[in-house]
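Below, each chain spelled out in residue letters.
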Amino acid sequence: MLRYTLRRVLGAIPTLLLIATLAFALLHAAPGGPFDTQKQMLPEIQKSIEHQYHLDEPLWRQYLHYLGNLAHGDLGPSFQYRNTSVNELIAQGFPVDLAVGGSAILIALLVGGSMGVLAALHRNSAGDHSLMGLAVLGISVPVFVIAPLLILVFAIELHWLPPGDWGGISHLILPAGALAFPYTAYVARLMRGSTLEVMASRFILTARAKGLPLRTIMLRHALKPALLPLISFLGPALAGVITGSIVIETVFGLPGIGRYFTTGALNRDYTLVMGITVLYGALILFLNLLVDLGYAALDPRVRFAR
Amino acid sequence: MSGGGLWYEAWRRLRANRPALSSGALLLLIVLAALLLPLLSPYNYYTLDWNHLYLAPGWHGWHLLGTDALGRDLLVRTMWGCRVSLLVGLAASVVSVLIGVFWGTTAGYLGGRVDGLLMRFVDVLYSVPFIPFVIVLTVLFGRELILIFVAIGAVSWLDIARIVRGQTLALKSREFIEAARVSGVGTASMIVRHLVPNLIGIVVIYATLTIPTVILFEAFLSFLGLGVQSPMTSLGSLVAEGAGRMQSFPHLLLVPAVLLAVLIFCFNFLGDGLRDALDPRER
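Residue numbers (my numbering), protein chains in the order written: chain F, 1180 to 1485; chain L, 9 to 291.
For the record, the hints were derived by calculation from the structure and aren't laboratory data.
C-beta atoms are modelled at their ideal positions from N, C-alpha and C, and glycine is treated no differently.
A few of these clues could be false.
[Said to hold, decoys possible] Just the calculated beta-carbon pair ranges, DEER-fashion:
1. F/1196 <-> L/177: 40 to 48 angstroms
2. L/43 <-> F/1240: 50 to 58 angstroms
3. L/154 <-> F/1303: 43 to 51 angstroms
[As the list claims (entries may be wrong)] If the Cβ cut is set under 8 angstroms, some of the chain F residues that face chain L in the computed set are:
4. 1242
5. 1321
6. 1323
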């Protein structure tokens, strides 16, 4: 398992390199640079600024320079936020994403999971049908529709929660809830399917024949195998939550890195955009590894090849 | 079971599936409305009506669903947005299906080192955060519709490639492929003439399921202001505009939002129904 982890971590390096290269190439292939719009600058000043950020060097040297810094974990200075490094911006914004995304996944697992189990236990009842209808609705309604609707109802009409900005727990509920919506629906559908499958298997039949109460059957025997498909869904879900937070931050005006990303892209803040893209890539790779390891820990049938 | 061919059987099963069938009918209705309603209205998507700003839905001046901040007819704009969303969905899905089928059949049929290389590439692309890349692409290279097609299509072919490869591997060991190979059919015509026709079922299913994701993706880009540019519109940009004014004029948000949701809803149900109809083993 240690060897497997090590191999995966090493295997992630070329992928990250590819992501960084792709981002670098894209940004530098586009016409225009970060400092040649807006106000008129004296040519000398423009030159000195470009020199300060190494923009006057040939492209291949800029590229090597960037990769060299990246290897140390230094993402470089931001072009737009003067005297601030990209690392500092990420350190400022990332906790917000972590809080919103983490609680969204937690909500999705708890709410969606119990919805799925309930629907499976009362299969084909009216409750089952309405829960699953709700789930299809949740999958079909995009996050950026849910979010304004939630603001409209809970902040503007009912005044229960703040409509945006960042602060205490009350600022977290609406964004996390909106972001959790589609994932809750997916989890509910998955959980219903897997619970039904597990409940039809022989060891559950045995447990029933022994006369165990339903509660014990569910908690002791059925839950763990039924959770397995959820674990493999968690990889793409986590990646989706990370990128989905871009919209959530725009709607709720949260100071996370998603907002830095869109404004950075609009302002040609090369280092900021590249830094966040690489961070997203690294996060996805890391979370996928975590999910695969978790899967193996839960399912003893999975063995790592070599 | 009486014979009647794969497609007849599939149609018979689909007809028995009420939700899928009514989704298909509703979808047809939406498409017709999107095509015809703008022709019937006296207004165009860019017509400004300064006497009727922020009109509520009603019969006033034939603005059946009211008007927006510039007095533009919401019904006509929503229908145009629907056209754009459907067009993007279809075009990008075609792009992704073409790439995915080509990639998947080549990898699956040739096997060995080629397969390893091609699928490794897909694995690497899977861990690239695509949404940021598409955002950067649209910001830097102008917000043109054609670029959005290409960008989204290039992102969404990965799933299809994987599925097609798996299916090709299963087909490869069948007798008719063996027979074709014995009679000297070349690689290219083997793929085009013998493999692809047998994959159409699964490709149709995943194409139907790709369309809603693409529509959502386009709406997402337009919502961020990176997609279709005004005065042309899409459901995503209409939702974004509506969200800005929802406090006083909730219908500006609700109309495009509901249509978008219904559209996605129908495609998902139809795709699920097609899967059950064309591939009855996988339930």
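Hint check:
1. Between residue 1196 of chain F and residue 177 of chain L the C-beta distance comes to about 31 angstroms, which lies outside the given range of 40 to 48 angstroms.
2. A beta carbon spacing of about 55 angstroms between residue 43 of chain L and residue 1240 of chain F agrees with the range 50 to 58 angstroms that was offered as a hint.
3. Distance hint for residue 154 of chain L and residue 1303 of chain F: a CB-CB separation of about 48 angstroms, consistent with the stated range 43 to 51 angstroms.
4. Restraint check, residue 1242 of chain F versus chain L: the minimum CB separation of about 17 angstroms is more than 8 angstroms; hint violated.
5. For residue 1321 of chain F, the shortest C-beta to C-beta distance to chain L is roughly 5 angstroms, which falls under 8 angstroms, so the interface hint holds.
6. Because the smallest distance between the Cβ of residue 1323 of chain F and any Cβ of chain L comes to about 5 angstroms, under 8 angstroms, the interface hint for this residue holds.
Checked against the numbered hints given earlier, the structure breaks hints 1 and 4 and satisfies all the rest.
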